[in-house]
Amino acid sequence: MAVLERSYKRYAGALAPEWSRFLIIPRHAFRDVFRSKIFTGLYALSFIVPLGFATVIYLHHNAEALAIMKLDVVNVVPIDANFFQFFVSFQGWVGFFLALLVGPQQVARDLTNNGLPLYLCRPFSRSEYVVGKMSIVILLLSSITWVPGLILFVLQSYLEGWSWFSQNIPIASAIFLGSLVWIVLLALLTQTISAWVKWRLAASAGLIGLFFIPSVFAAILNEMLATRWGNLLSLGSLIRNVWAGLFGTFVQQAGQVREMRRGVVIETAMVEPPLWASWLILFLICALCLWLLSRKVKAYEVVK
Amino acid sequence: MTLDVPATSSHLNDSPGVITLDNLSVTFGGRPILKSLNGDLRGRAIGLLGPNGAGKTTLIHTLLGFHQPSAGTARILGSDIRGEANQIKSLIGYMPERDSFISKMSCIHFVRFMAELSGLPPGAALERAHEALFFVGLGEARYRNVDTFSLGMKQLAKLAQAIVHGPRLIFLDEPTNGLDPPARSRMIKMIREIRDSGQANIVLSSHLLRDVEECCEEIVILKDGRLVVYCNLEEERKANKKFLMLETRGDLKSFVEGIGALGCECAMTSDHRLKIILQDGTEVRDLYRLAADSQVQIRRLSYKRDSLEDIFLKAMENGSN
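Quick mapping for you: the protein sequence lines, in order, are chains A and B.
Residue 293 in our numbering is what sits at position 293 of the first sequence, and the numbering runs on without skipping anything.
In our numbering, each number is its position in the second sequence, counted from 1, plus 1000.
Excised from the complex, chain B in its bound form (with noise of 0.2 Å):
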């Protein structure tokens, strides 16, 4: 099954989206890894999800143009990843997934010099290496040599590489890896940073639905190299704001009737929990006002919606059909 991800609504624009795939494949030996994939993807934050060996990183270091495609193409904010690889890379930061540094170099050292291979001058590359290093927090520990650094430490110094030359797109391969709880949310609340800055979009691989669910936009989900599920985050909690749960006391049949009176569908789970589908011109308010009247308590009332947990098992489940 190949799913063709619509142009995002909210988005609806002439100008050329952050990621567009076209008929994307890969084939490594013979066996297809990506399976004409399709889309146009557009959110601030993009985060790409999958079981291990869906593709994810195939897919990121593919649009890196580390692999060649075997059919089809992507364009990266307008350039093809065929034709204008170099242009692209001039554009994109990217952090790793694995260990990957220059060893035998101070931190400043090592992020000084991969500004300097993104082209930026010696000068305007150290202030922006010492920029990047207080960002990421690794400010007092920048002298210090990379080999001696703890696995957070590497962690934080791979996303200073990424952001010192003040990419428009970066790419995060797993960034949360390895780190605990604390670095974790900094980690997070570093990429949040840099979604809300407007300067750069953002795609995170990652299996941690945790992270993707806190950071990004827009989602899509790998299985088996095919894109099984697009989803926009921030349209999907929209849309599920109008659906309720209420855990009531009281005899609940003239509410039920008085919910019905207001245009709402509604079911009954247990004796006292409600399922609500609130529509457009009712507001939560009208229903304390319905319960004072039928003298029925609402001792909880919450916003259902499909958690992004929810929407990765049916991908998966529908997907292994």
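Next comes chain A alone, as it looks inside the complex (with noise of 0.2 Å):
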């Protein structure tokens, strides 16, 4: 079909592998998501906490620098579990709010212009529509957060020396499961919220408020009952949890409560919920949205 004769000819030439076609969808999407410049701008400012890092890895092991600077880093920020595991954790934040600015309209778009035929009646399938849509969030994420935290963990593993990277290796396994845990989490979330919220603004609203509308519920259940299990409601301690255990600084008991009844002052433990509850609602979590997913990524609703 070549543009001068303007006559249809069937394709002829080579086909691109099945497996890497879901891979068409956030090669498209990033050339709109980096066509804005606040995206932009805040893409490239999440870099900036890895640099701040690897600049603290880096005057860990220059005694000159440390010397200049009268700093005791190493005594204040010892390079442990903790550091990276603060690493992920802000770094994770960052990222929602990230996916926030490009997650909620990737799927609402499609259904606002009733562009899933156009995907569905080509050989791709539901699974690899959802496959392509979240890739879009786990792979911008994942170049802010497990990505530069692997580097941060060799560049440590480089500079202090074979032993601790050999003693240390369960916290890059840390580094990348948590990361892809979090990110999971905020692609389905968003892709949800984006299937069922079509307008763009209450999307992003809506994610928000799943975020910190049950965590004020969970703070008032643990003051009420005067218990953790609230926690379970709350995202953010959920994921705080499962970082914990994976970095193995999760910590059951997180204090005490002193009550006076009666004159007589009782003592109650405030206990974190175990680590499999918090892993097993964020599963559920995962399963609902996958369900509400496959309910909505249709290439046409059938109204009964």
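Hints may contain errors.
Stated by the list, open to error - Ranges of calculated distance between the beta carbons of each label pair, as one might list FRET restraints:
(1) A:Ala44 to B:Lys1189: 48 to 56 Å
(2) A:Val76 to B:Asn1145: 48 to 56 Å
(3) A:Leu15 to B:Gln1068: 22 to 30 Å
(4) A:Ser20 to B:Asn1023: 35 to 43 Å
(5) B:Gln1279 to A:Asn114: 51 to 59 Å
For the record, the hints were derived by calculation from the structure and aren't laboratory data.
Since the model is a prediction, treat every value here as computed from it, not as a measurement.
By construction, the Cβ of each residue, glycine as well, lies at the ideal position given by its N, Cα and C atoms.
Both chains are sitting in their own frames, so use the hints and assemble them into the complex.
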């Protein structure tokens, strides 16, 4: 079908491999995403903290610099599991705000413009569509969470030596797994809200509400019942516990509450819910999101 | 009533039909929408006709794999829609009835994106997107955002995305909806060009009989989810060529006798009008010769045939019984 001939001809060339087709969606989406100057600026800013962490690691191993600056970085900021956990959680929340800018428009835009039949009439399944849309958030957030996290880990291992690396390998897996759990959760939540709430602003507000409103309820529940089981309602607490579990910093007994009852002081231990409960709730949330997505991501909705 | 469509005589061979319906039924929420459709459609351009709500779009959606059949199955170019959906989808193009596009994309980007989703590598997809847009007449507007297009331009963009990957079968759902007469003519011309190229078969769903008549060789008419008429328009046209209407002046008695002597059936509809069914071996020039001999003037001669409208209306009447 040459431009000048303007006649219909079949395509007889090679085809792209089927497994890679879901990547077409993020590739084209990134063009649109990075057209926004606000997003590009925020994305660039999100690399400042990894640079700061890299500087701290470098200072740890540069005696001359420490002597000049007269800083006791080695003792003030030790490089251990807490150091990397803080990095993952900080970058994770930066990722949340980036996902807030990118995620809610993805599926909503296709649903509003009846774009889904165009995807699904091609050799492109619903699951490939969902994975493709999720991979926009997954790839973006990976680039600011576990990828720089692992680079920092490798940098520290390089400067500290083989023995540090071999002793702290679980930190590397915690960086990767902890970030991935958070990213997948964000990707699923943004896509689900995007599919059900077609208005972008409402979808963004819904996502913020989903994180912060249950946290408020959880705090109220914890206060009223003198427990920590309310944390199972709060997505922030759930992921915090999961991260702590992965980095090996999880403490189940978080404190004690003293109450005066009939003149007697009663001390109640504040016990965090077990780790498996946090994992289970996160798993259930992801399963619910997938179910909700499967109900919405259809070429045409059948009205019963 | 269920009508079994015969294998088209003009294409009788062992090759798989374009669309083979095998007792295909679709039910939504317990309500049957398509009821035991059977048929073997082999035309280059197949028209899908029916009143609103007859099940045309549901049939297309089921063939595209958007809905699961509740019973039976169908085959497209030999592949079963139940088990080989992905293979089928790589062979087809689809132009939806409703406005469907990806917003905030230029037209060339949109069509290229669709080509890539069909499996074309990025370079080939871009090349074919340019070609498809020039083919449909959007060459000059290809860098404009699709959101800013008029209705007619959106229809053309939808056609471009349906053909960009060079499919073997193209489903066009109401392609002339909302088009002004010149735009409609252009659309019909393009559909005919694709049909005549022999590179792709077309399924055209429309409630506009004229569109179907101008483009299609075969038609199926659906009513209330049932296939009520199958008609090969080409064969119908050939058959109807033998059916003549004459308007004459003069003494018809000897003329009518002469026609009878030629072996043709003849009926007078009024003083000067005759209906004649020509027999094999009898030509129109024989009638003129006979008229000259009988001193009868033939003032008008026309081939009378059942128009698609007649066929459609008959189907609706019969279907309602």
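35 to 43 Å as the expected CB spacing between Asn1023 (chain B) and Ser20 (chain A), which holds or is violated: 38 Å, holds
Pairwise beta carbon distance, Gln1279 (chain B) to Asn114 (chain A), judged against the given window 51 to 59 Å: 55 Å, holds
Hint check for Gln1068 (chain B) and Leu15 (chain A) - Cβ pair distance inside 22 to 30 Å: Distance hint for Leu15 (chain A), Gln1068 (chain B) holds at roughly 27 Å.
Supplied distance hint 48 to 56 Å, evaluated on CB atoms of Ala44 (chain A) and Lys1189 (chain B): 51 Å, holds
Outcome of range test on Cβ distance (Val76 (chain A), Asn1145 (chain B); 48 to 56 Å): 54 Å, holds
When held up to the earlier numbered hints, the structure conflicts with none and fits them all.
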